[in-house]
Amino acid sequence: MNLDEFKKTWELMSPGKELNENQLYKILNSRSKSLIEKIDRNIKIGFALLTLFIAWTLFDYLYLTPRLLNYFEYVYVPKWLYLLDGLTNALIVVTFIYFAVRYLKTKKYGTGVCNLKENLTKIINILTIYKKLFYLILFIILIETITSIGLGISMGVSMGFERYGLSFSDLGTKALFFMGILCLLTFVVFCLFPFLLFRWGFNKLYGNYIRKLKTTLNELNEATD
Amino acid sequence: MEKEFLQIIRNNQGIIYKVCNIYCDTQDDRSDLFQDIVVQLWKAYPKFRGEAKLSTWMYRVALNTAITSFKKNKRRPDKNDFPYNNLQLEDENYDSKTEENLKLMHKAIQQLTGVEKSIVLLFLENKKYEEIAEITGITQNYVRVKMNRIKKKLKKLMEAEEE
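These protein sequence lines map, in sequence, to chains A and B.
Mapping of the first sequence onto the working numbering: position 177 corresponds to residue 177, and the numbering continues sequentially without gaps.
Mapping of the second sequence onto the working numbering: position 149 corresponds to residue 149, and the numbering continues sequentially without gaps.
Be a bit skeptical, because a hint or two may be false.
Unchecked claim - Here are a few chain A residues that face chain B, going by a calculated C-beta distance under 10 Å: (1) 4; (2) 10; (3) 19; (4) 37; (5) 41; (6) 206; (7) 212; (8) 219.
Stated by the list, open to error - To list a few chain A residues with every Cβ distance to chain B over 12 Å, as calculated: (9) 24; (10) 27; (11) 44; (12) 50; (13) 78; (14) 90; (15) 95; (16) 99; (17) 114; (18) 133; (19) 134; (20) 166; (21) 175; (22) 192; (23) 209.
To be verified - Straight-line distance between alpha carbons at most 20 Å, and here's what the computed SDA-like set of lysine to any residue pairs gives: (24) B/117 to A/114; (25) B/152 to A/219; (26) A/214 to B/137; (27) B/117 to A/11; (28) A/105 to A/126; (29) B/127 to A/220; (30) B/117 to B/160.
For the record, the hints were derived by calculation from the structure and aren't laboratory data.
Each residue gets a CB set at the ideal place from its N, CA and C atoms; glycine is no exception.
Using the sequences and the hints, build the whole thing.
Written as structure tokens, this is what we have:
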């Protein structure tokens, strides 16, 4: 049998079991199992959480921290830490706005109704935004963790120096080496390891799907080159 | 609007069944895809203004859904499952040889890529190259080229299956 012969048989086929209005109505009211729908929901949740986080961070950075520092005069926050915090917050706000604009632009005309090629391009764009949003949230969490740990260590060290009447230059090579190893370990445990773990998880969940969509789009693009 | 939509789906269920048959191996996958396609059609319906033919619009949404659908756990196809059990052949056209051929052709089509499957389906549904190009977003010339390649590929696959 070749395709033309198959076509003749195909034309003789008609739906055997048709769903009635009630069964179709039930389907309309069921939740979609589509991955794209789930990702879309996750992106919206991600944007909502980020908005709350940004609002809280700005409130903390511009109002809460300066007031607390005035109140607790003995607490000393190093300038570099304050500057790093400010830069991170600015970066988060700018990236968030960029993602939101790109997402709204992509979603403007909806997915599913355009031709296959346009639809795939849109879905891949949405997935790219999702991936970047995921890394942004991960970056925020890790930066916050590292900043807090950095602040704790810095305060602990300066308090220790103060108690024993020492300065940084009094430390020997061994102590400096030990401190370096400790910083490196802290970075690996709290920053690098969680980052690699989450990256692996994301690729495990969506990696194959993204690759499959890209392969299909490439097949269509070959056709128009 | 809902009643009008349900009526359209009732009258054109064959389109959805055929897309599900081409893209799925098991009855469970076909049911899931059927549900997804109906939901996507319903979401897209308010924007449908009749600029394209109703069947073209339905194929577009259905194929987009099928190609971008994602199966976390691939189900193993049932060997005894006749792939077109939601479609029927009129009695006088039915014989065991035809069923065997349909199974072989289905197996061969399952080995095509997602884009190739969509072109085959639209060809089987008597769509003109112009309409296939409109639905897939590629040029008419390339649809022609691709169609010839698919026919050759299917012939080879069928020969391999028959051996």
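Need the list of violated hint numbers for this structure, in ascending order. Hint check: 5, 9, 10, 17, 23 fail, others pass.
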